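**Student:** Positions 70 to 494 (our numbering) are the ones given, in order, by the sequence shown.
Watch out, some of these pointers could steer you wrong.
Mimicking SDA-like on lysine to any residue, the simulated pairs with C-alpha atoms at most 25 angstroms apart in a straight line are [said to hold, decoys possible]:
#1 Lys212 / Leu125
#2 Lys117 / Glu191
#3 Lys266 / Asp337
#4 Lys234 / Asp219
#5 Lys142 / Asp460
Per label pair, the in silico range of CB-to-CB distance [as the list claims (entries may be wrong)]:
#6 Lys234 / Arg422: 34 to 40 angstroms
#7 Arg422 / Glu180: 25 to 31 angstroms
#8 Gly407 / Lys339: 32 to 38 angstroms
#9 Pro410 / Phe217: 37 to 43 angstroms
#10 Lys234 / Glu116: 14 to 20 angstroms
#11 Ala327 / Lys234: 48 to 54 angstroms
#12 Lys328 / Gln231: 31 to 37 angstroms
#13 Asp219 / Gly290: 36 to 42 angstroms
#14 Asn262 / Asp219: 30 to 36 angstroms
#15 Gly201 / Val335: 53 to 59 angstroms
#16 Arg288 / Gly201: 33 to 39 angstroms
Since the hints were made in silico from the structure, they are not lab data. Source: prediction; values computed, not measured. For glycine and all other residues, C-beta sits at the position ideal for the given N, C-alpha and C.
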Amino acid sequence: DDDEDEDDDELLMEEVLEEEWESSSSSSSNETSTSPSESSSSSSESEKLLNEKWTLTQGVARGDLDHEMDVAKVEEWIEAIPPDGAAIVRTEMLSVDAFARTKARAATPGEALPAMGVGVVERSTVSSLRPGARVVGQLGAQKYATVFYDTLNDKPLGGVSQLLKNVNPKLALGLCGASTGLAAYLAVHRASNFRKKDVVVVTAAHTAMGAIASKLFRRAGAKLCIGLAPGKDLCDRLVALDVVDVAVDTLLENEALAKSLDDALVPDDKVDLVFDCGGRGFDFLLLDRLNRGARVLVCAPSIREDDDDRNRDLVGAYDDLAEKSVSLLGFHWIDYLGAVPVAVAAMLVLHVRGGLAGCEGEEFDFDHFPIALAALVDTAFDKNFAPFLSDKQTASLNAARSFARTRLGQIFIDLRPPTTNPHKS
């Protein structure tokens, strides 16, 4: 953007934040002065709450997550009044995205499967977190989460933070999600050393983070943004939805993939920046197409435990990167915590201006969490266990798989009552 557009963005950012702050402040000023502990005690009709959660039944050593064999929904009674320095949060919405997919394989059997979510504080023993406050963070695939606070520094533990009043759950988990929109923003504007007119390649451009990063690169002035995605239909959709300039099918064999990469590049142009955020990852076929001094930003691991041949190719590729003076950079959004407030404000501005889509997504109920997760993990679940599925579950699985292959690769699990979401079937 030119300077004038940047000034407009800053002014709008201030307006957005001021409006959100005023709404949040006015809401909090209307709350009663009852202490959290008193509120918890008075509102609790029983000493226990019935919690439901999705958990692993066993450790998952293989690449795929088997919905029927590895995952189960269990019920448990939890204390209605949280311990000192904690709050009980009722989950409103969960996000099934790359974070949930990656963490599922390392989850502890018996504990709730990891998932980012938005929820409402039901009961609290923390003075700064009153009942009714909305929070966002790693709540897990469960209806009630116990969030602990660092009372000394007055901040929540486990990556949970309070949510501005007017930010809807999809916006909080999509464009402003730590593992989706915010990670994409920080990768583009903080970690990648991006320069205007760069030729950029984004791996896994069909995922939530990859799609948003692709849009951000283009909006920031990339000369060309090439997205890598599995399958021709998905590549065609990414281009049709204006997520990337050109999409390359990573399911192609090496010779065809190399030709597709050459066709995507403008003659005499080479790649200045690769953002590796998953999928097939950085491919050695890109080596001959990198400019000297190019940058490779690695967010998700490219090494595959079950592919020794590919691993050897990658080790050789890294040697060749050094010979071409290519910078290989590691990235995790948590290393840029100080820039998160700016990133949130910027994404809110983009949302208000309509300059970046990111809140769309199919919604399913809590019973379909593992089906949505299976769709992202890309198992053969539907083939092996189709006879055990109801018509509704089969339709949900097909819809989840279809949406997982769109530009965002993000599915939402809505736990709100039907009256809260009249459009929910």
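**Student:** With reference to the structure, classify each hint as holding or not holding.
**Tutor:** These are the hints, each one checked on the structure:
1. Lys212 / Leu125: 16 angstroms, holds
2. Lys117 / Glu191: It holds: about 13 angstroms lies between the C-alpha atoms, which stays within 25 angstroms.
3. Lys266 / Asp337: 14 angstroms, holds
4. Lys234 / Asp219: 23 angstroms, holds
5. Lys142 / Asp460: Holds. Lys142 to Asp460 sits at ~20 angstroms (cutoff 25 angstroms).
6. Lys234 / Arg422: 34 to 40 angstroms: Violated, since Lys234 and Arg422 (Cβ atoms, about 21 angstroms apart) do not stay within the stated range.
7. Arg422 / Glu180: 25 to 31 angstroms: 40 angstroms, violated
8. Gly407 / Lys339: 32 to 38 angstroms: This hint holds: roughly 34 angstroms between Cβ atoms.
9. Pro410 / Phe217: 37 to 43 angstroms: 23 angstroms, violated
10. Lys234 / Glu116: 14 to 20 angstroms: Distance hint for Lys234, Glu116 is violated at roughly 31 angstroms.
11. Ala327 / Lys234: 48 to 54 angstroms: 51 angstroms, holds
12. Lys328 / Gln231: 31 to 37 angstroms: 51 angstroms, violated
13. Asp219 / Gly290: 36 to 42 angstroms: 40 angstroms, holds
14. Asn262 / Asp219: 30 to 36 angstroms: Given range 30 to 36 angstroms: holds, Cβ gap about 34 angstroms.
15. Gly201 / Val335: 53 to 59 angstroms: The hinted range 53 to 59 angstroms holds for Gly201 and Val335, with Cβ atoms some 55 angstroms apart.
16. Arg288 / Gly201: 33 to 39 angstroms: This hint holds: roughly 37 angstroms between Cβ atoms.
The earlier numbered hints that this structure contradicts are 6, 7, 9, 10, 12.
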